[in-house]
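Colleague: Read off the chains here:
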Amino acid sequence: MKKRIQTYLWLAFYFLMVFLPIVLLMIFPRPEGREFLREFSVGLGFLAMALLGLQTIPTSRLRFFTHVFPMDTLYTFHHGLSVFTFLLAIIHPVLLFINNPETLRLLNLITAPWRARAAVISVLAMLVLVVTSIWRETMRIKYDVWRWIHDGLSFLAIGLALYHMFKVNYYMSLTYQKIIWLSLTGIWLLIILYIRVARPIVMIKKPYRVVKIEEERGQSWSIYLQPDGHSGMDFEAGQFAWITTESPFIFRENPFSFSTSAEAEGNTIGFTIKELGDFTSQVKNFKPGDTIYVDGPYGTFSMDEHFCKNMIFIAGGIGSAPVMSMLRTLADRNCPKRLAFFYGNPTWESVIYREELEGLEKRLDLKLIHVLEQPPEGWEGETGYINADILRRHLPDDYKESTFFLCGPLPMIEAVEGAMHEVKVPPVHIYSEQYEMA
Amino acid sequence: MDIQHIVERWFIVITILLCLVIALLFAALQTGML
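Chains as they are written, first to last, in this note's numbering: chain A, -16 to 421; chain B, 9 to 42.
One chain only, chain B, in its complex shape (with noise of 0.2 Å):
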């Protein structure tokens, strides 16, 4: 695989984990666990 495919599917990965990870601490703030 190429540098541009690998550093394009990390992107999505990437993209993909923060939105979950700050999902979650919206709702671990919002709920006080934070």
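Same shape as in the complex, but just chain A (with noise of 0.2 Å):
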């Protein structure tokens, strides 16, 4: 089935699981109305409860999403819908106490009753959530803890809200309301177990081993994997994987994009890591043999997924990576197109892959255009940020029909975004993917 097809279909799905219940409630029979603040706030619960229980969708990495579906744009959605959501269960019992405030006695977690208290604890178990996950790093939580209590407390918010729904059982004593939400809650489980069960179990069965690591520049180091006892993957170049050397049930997998080409004979797979954090200042210690479990592969940032007549690269420092993949493969293709790489870095010492680029430039018609905050003695190349002036010095000419893949943090991609939005890039043809997903 065409992606783009597949895309509607979701995306109707994706409505209909938000919207159904309630659209179904103004069709069919139901309770009498009362006041119009009571039922505004009833109607903004029901969709906070879907809307709550569909976040467990975008960042489960089911294939037929993630196949779709660009990983970044999942994660973006489903930040800015959560924040959403809890503003939706925060206004639905403001809305009900100024209808009614002798309502407010609801808030005494000693004398409410049950169906209250839950609701009161959801809210505050989503609040905790959306401050744990938007000022993580200030609080200083490391990333496997915090999913642990993202986890947790997304459980317990779902898991009492609908306690509150059902017990509250105005709407919900009509039948079929009972049984649309016990299937959207029996979805959410599946995917829940999926997740937490399924996707573990798979990655212990299909483990990989270490055969070779490789220092890079720029604090940087390759690794290279083979499938120990099955067949591997078939990747596209620019997409990545999770890996961890860790049991995949303790959830401390990173995502790293492949660096290898996408056509490399035997089923190596290769990342290269740089050393930023917990997981990533391990990687120089592993020895062949080691065992890593590889999740993957996800990601629709990738030249095979897009037509592209002619190609235009842009990444800083590791965001490299990805498109060291890309032009390996094409390498290996023998691929007769034009292709420009706009490739920014702090230092000319620091520039991964440095020495293999040059020889790329050789075996394809590459024009590799290095941009260095601090330029040694003598440098005639670019200088400072990748931005507009540099881009029209060394675009092609046909550029606006040419294809870019952009890839780094997201406060780089924005700048360069900026920068050809001002030399007139037609947005759709650009493909961006952006570092920090979580």
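None of these hints come from the bench; they were simulated from the model.
Please note that the accuracy of each hint is not assured.
[As the list claims (entries may be wrong)] Stretch-level coverage of chain B by chain A, calculated; a stretch enters the list once three of its residues show a Cβ under 8 Å from a Cβ in chain A:
| no. | region |
| --- | --- |
| 1 | 20 to 27 |
| 2 | 32 to 41 |
[Said to hold, decoys possible] What follows is a list of derived Cβ distance ranges for each label pair:
| no. | chain 1 | residue 1 | chain 2 | residue 2 | range |
| --- | --- | --- | --- | --- | --- |
| 3 | B | 21 | A | -4 | 38 to 44 Å |
| 4 | B | 22 | A | 118 | 25 to 31 Å |
| 5 | B | 41 | A | 92 | 31 to 37 Å |
For glycine and all other residues, C-beta sits at the position ideal for the given N, C-alpha and C.
Using the supplied hints, reconstruct the complex from the two chains, each of which is provided in its own coordinate frame.
Modeller: Structural data, given as structure tokens:
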């Protein structure tokens, strides 16, 4: 099935999951209405419940979603709508309090009935979820600890909100509403079971062994893996995978882009990892024979996914890993297309893959533009950050028909996209992938 | 901004607006305003 049709079908399914219960309530016979504010509040409450349960999906890494939607889009969507869901969950009782101030007594957890206690605790759980997710780094919560907190609180918030809804039992007294909400709950539970049980089992059954570790420039290491007792995986250049050295049930995976060629002979896969934190600092200590669990491939940041006439790559630092995978793949395919790579780095010494890129310039029709923040003495190339002036100087004449692949941290992507907007690159020709998804 | 990010931003905005409109519609129907 064509991707476009799949996308529309999933979007239709998404809107169905969010709006079906309340839309059916508007169509079929229902209990008598009450005051406007109270009914508006109930409507928002139903929608908050549907959106809350739905948040299990975007980050579930279910193939049929990740195949269609870019992973960073799914995460952005999850972040944006989670905050909105929390706001709905707050507005829902506030409207009830405005409508009838006497209901404020339901906030007293000692005297309130269980249906109200469940709602209050659910909203508090959502508050902690939002705060620890937005300010995780400021609060210095380790990623894996945060993930356990996040999953536990999500489970609590969803479970208690459902309990509240069923116990209030006004519109839920309708049998078809009960069936719809139980079905939705079943879908959410299946997704949670898949994330927590099925996927880790699959990863354990298909381990990889480290075959080689190579030091790269810029405090980076390339790690090469081979499947252990299975046929490995096929990936597209530009995609990424989650990897971990510990049991997949511990959920300490980290996402890394493949840096090897998708056309490489054998089934070796490789990643280039920069020392930035806990896990990335351990990579240099890996030894051949070590076991690694890999979950992938993921991502739609791939030149095979889109029609490309000529290609222009823009990356900074370790953002070059997926670009390198694409260039290596294109070299293996003897690609005749015109290519350009704008590559930003702090110093000449920190340019990852520097020597190999010089070799690729000879194998491919590739123009390499290094942009250095702190250039060495006598440097005649570009300096500073990749900006509109640098793009104007080096882009080919027909750049508006080229396909742009942009990879790096969000601030860099936003800055470069601003520069691309200045030189009037059509937005439909730009594909970007930001690091820092969680 | 690339098309992917334009679409994702609009998708979130559309979801938010639809939620508000449908909740208002529900309240209006239940109170006999519609």
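Colleague: Should the hint that residue 21 of chain B and residue -4 of chain A are 38 to 44 Å apart at their CB atoms be regarded as holding?
Modeller: violated, 20 Å
Colleague: Quick check: the region 32 to 41 of chain B, covered by chain A? Criterion 3+ residues, Cβ under 8 Å.
Modeller: Result for this restraint: holds, n = 10.
Colleague: Quick one: are residue 41 of chain B and residue 92 of chain A within 31 to 37 Å, going by C-beta?
Modeller: holds, 36 Å
Colleague: How does the coverage statement for the region 20 to 27 of chain B fare against chain A, requiring three or more residues with Cβ below 8 Å from a Cβ of that chain?
Modeller: As far as the region 20 to 27 of chain B goes, the hint holds, because 5 residues have Cβ atoms under 8 Å from chain A.
Colleague: Do residue 22 of chain B and residue 118 of chain A keep their Cβ atoms within the hinted range of 25 to 31 Å?
Modeller: Between residue 22 of chain B and residue 118 of chain A, where Cβ atoms are some 28 Å apart, the hint holds.
Of the hints listed earlier, the one the structure fails to meet is number 3.
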